[in-house]
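**Student:** What follows is each chain in one-letter form.
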Amino acid sequence: MSYAYLFKYIIIGDTGVGKSCLLLQFTDKRFQPVHDLTIGVEFGARMITIDGKQIKLQIWDTAGQEAFRSITRSYYRGAAGALLVYDITRRETFNHLTTWLEDARQHSNSNMVIMLIGNKSDLDSRREVKKEEGEAFAREHGLVFMETSARTAANVEEAFINTAKEIYEKIQEGVFDINNEANGIKIGPQASPTNPSLPGSGGAAGAANSGCC
Amino acid sequence: MEFLKSGIKTVLGSTEPGQQPSAAETVEKLVDRVYSSTLLEDRRDACRALKALSRKYRIEVGAQGMPPLVQVLQNDGQDAEIISYALDTLCNIVTSEEFDEEADNPTVSVNVGEQFTEMFIKTPENVSLVMGYLEEYDFRVRRAAIQLITSLIANKTRELQELVLVSPMGVSKLMDLLTDSREVIRNDVLLLLIELTKGNSNIQKIVAFENAFDRLFDIVHDEGCSDGGIVVEDCLILLLNLLKNNSSNQQFFKEGSYIQRLAPMFVLASDVEETGWTPQKVSNFHCMLQVVRALVTPSNQQQVVTACQRVMQKSQLLQGLCDILMSSGVPADILTETINAVAEVVRGDHENQDELSHVMAPSSPPRPAIVVLLMSMINEKQLLALRSAVLYCFECFLYRNPDGQRAVVQTLLPSSTTDVSSLSTGQLLCTGLFSSDTLANWFSAVAIMHTLVDNVALKEELLRVLLATPGGHRPITLLEQCTNLMQQERYRLQSKVGLLMLLSVWLAHCPGAVKALLETQGTMAYLTAQLCANEHDEREYLVQGMCAFLMGLCIQFNDNSLPNQRREDISQLIIKRIGQETFCNKLSEVSRHEAYSRACKQAQIRAKSAGELLLDYEYCKLYKGLEALIAKLVSGFDVDGIELTELTLSSEASALVAQYKGIIRGMDAQIQQLQQSVKELEQQNGEIKQQLGQEQALKSQVSDQITLLKAQLLAATSGTGQTPAPGTTTNNEEELNAARYQTNMYFAENIRLTKELETLRQQLQAEKQRADDASQALKSTQKDQEDLLELLADQEAKIARYEEQLPTTTIATPSAGSESETTTAATNPMPQPTSLIPTNPIEAAPETESNR
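These protein sequence lines map, in sequence, to chains A and B.
Each residue of the first sequence is one higher than the last, beginning at 21 in the working numbering.
Each residue of the second sequence is one higher than the last, beginning at 627 in the working numbering.
Certain hints may be false.
[What the hints assert, rightly or not] Reference excerpt, derived from the structure (chain B facing chain A, CB under 8 Å, subset only):
(1) Leu-791
(2) Asn-828
(3) Lys-831
(4) Ser-874
(5) Tyr-1428
(6) Glu-1429
Since the hints were made in silico from the structure, they are not lab data.
A virtual CB, placed ideally from N, CA and C, is assigned to each residue, including glycine.
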């Protein structure tokens, strides 16, 4: 399948916050209530459309356990986007965000887009972290924030697609060096490298599209 | 060398002639220099000397030199030359390779390099120190560091892998070196990565994440694909390391459209026949085929295999492989591996199987590729590996492919449409089966067997196959011919194993085939004789086990349609002639044989020698599934032929039986209760109907009276109206009043009765409803009861037998039905409408008359 861009994502966060379930919901549109612990890293992929362009997402779902931390660190550098996930029903997963973020900032390239995800929003009765707290944390650290539910699929699409949009905008602004594959971005085989800009018209069209839909 | 010697001289000073210092002394002095010299030049010279000595005096340098060399690495990082000497020296010490210089040194044992590696990595910081020098751009330093790490990994793979994983961005840094513009560095890194990725899926994934697939394909293309040199082979070996048994990377490979990059590499140049296949091209091609197989091998995750198979068809990779199959001049081992690859690309994928069946060989007349392949399978002169590969390919072609299976069997059936002149798959397989080549017998038997796997309809069809016999005797069925061959002395053991597998698969789940086998001459006698024989050859044991299995199938799938050959009869035969114990022992011979575990391992047929070809994967699967069942079945018959299998019911099973009995008992009570209540309700219904009839009769009586009175009244009023005699007016009026009063009374009475009737009707309706409900409930309960009674009958038969066995066991029967009485009493609201009925209206009439 042809694509204009390829983005590499990673999903990070404490163990049991639902990283693998988010990926499964996004790639296979299904929810698996009992999921084995991820060992090391697992791979998933899907095609999305942004601004009329086909974008291929390659997603590496990492293990949350401390034992795999040194392995998962190897994935920061080559990723263009990261979903940092916590569990809204477990306060400690929220408390660990700072550590995760430091780790990510230290090992990734400076332009990596990080999206903060409060998962398990369907379990509102067991909520321990208020939505406002997530929002505040994201604002403080310059992240995009969303609450999702891998079970009901609420906001799952949006989480991945919004991250892609952010990366796409950064490309349009010329922040990313798209010729350096170490950034986790690849230009598609048929897209000519002179074409991908036209930022003004492209962005406007995108806005118009989202407006009418 | 002269230069080095002079170097040593300058460092050590000239020695007195005739008094050569020992190597250990020299090394000691050098080590001392490295430690204590303040001038960099001195340390550098000492390092250079150590490096020169390290090849010949590895043990001396390794034992004393390691700490000072590490110290150099720690402190002298700014001088590339001394670092490169230190790294080279360390590399010489730890390498597993044996140098020519030390060949005559008896103290160097085989694993001295490994021991020094162990010493070196005991301090993990040493490894990170060396890894740090990978970032040094200087050619000598970088290359020496790469080589040292490669040697370390080769010696202590697991430990080094862990160290690299924990070192921050360790794998990523190594991957960066692949883009080094200096080819020597790049090629050395390839070798390093091949060692590093061996058997460690975490490292494999990180390497893949760092764009390894892109890098490797770029290098392979730059180097000229399969025509390239050894670097191409190195790239492909690394690719293979990344993909083998790593489903995440396989998925990434597929998703990243790398199969599409692989596919064109299989297109052979048109001039390949002239240019020929260089040994390097053979190696490269071999690796490419291995990469394909790593993606679709049957042990991979099913969904990955299926997805890859689809892409391989769409990207025309399969077509490329088929073209290689049909082109000439391809070396035999490449051809063999291509057949294996085609096998796995088509296995279980209908579209791919279809594509393979349509491939035509460029012969005249053109023949289907499968026919050509089978021709080489039954050809004695072909290589064993190639013949095995063809069988594997044929099996994969038939795997989950009922259409393909049918097509093969169809060529054997008598039909006018088949062209007699052209060779068909079925004909070839029969030729192989009856040929004098033992291997051809075995291959053909297994191939025919695979047309029957999981396909009962075709097992029946194949029974219809008739073979012409020489001398114009009556035609003989294929099954009959198989049993004849099996009994022939000249038919060798391997061929018999093949036939026994074919017959077993044929008979399994097909009573028709069992019947046909039992009807053949002497087969059962032969099997019995085999089982009674007391051979001491390991391979004979295998045949005996397979005979036992075949006999067991004759019991298990026997539909008892042949008198004297029913299940009991065969069991008696076993009991009286062979003995149950012996039978079960022989039966288990199959799984005890080494060929069994070998065949179970994988679907692919691998044999180092022809003699190893004995059991087939699918046969073992069947055997695995039925062995226990048959053993249980046979040991379940006793001398009188009564099946005792139920005796082996486990405690859970008997608990279950007891539980069912309880349920049945409860249901029974419930049914009785409901039947009783239905009876009562019907009775009530009858009574109410009767009452209603009475009421209706009464009502019509009353209304008759009313009409009569009305008529009287009319007559009376008309009489008074027409002749109003003044004298009688008052009298008349009085009479009229009385009559009116009476009429009113009757009216009231009438209304009351109608109302009464209405309520009675409603009551009747309700009762009817209840009766219906009750009878419905009764019906369903009766149905339940019937089911349960059936169950009970089964269970009771078993229990009867239990009880024979265990007469002391008693079953408590809980009393039932006491509850039913109370319920029926409650559901009996007898309506008492009689009290509401007024006293006879006729009685009221005289009262009015008396008023008069």
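**Student:** Each hint needs a verdict: does it hold in this structure or not?
**Tutor:** Verification of the supplied hints:
1. Leu-791: With Cβ-Cβ at 6 Å, under 8 Å, it holds.
2. Asn-828: This interface hint holds because 4 Å falls under the 8 Å limit.
3. Lys-831: 5 Å, holds
4. Ser-874: Hint on B/Ser-874: holds, closest Cβ of chain A at ~4 Å, below 8 Å.
5. Tyr-1428: 41 Å, violated
6. Glu-1429: Since the shortest Cβ distance to chain A is 46 Å, the answer is violated.
Checked against the numbered hints listed earlier, the structure breaks hints 5, 6; every other hint is satisfied.
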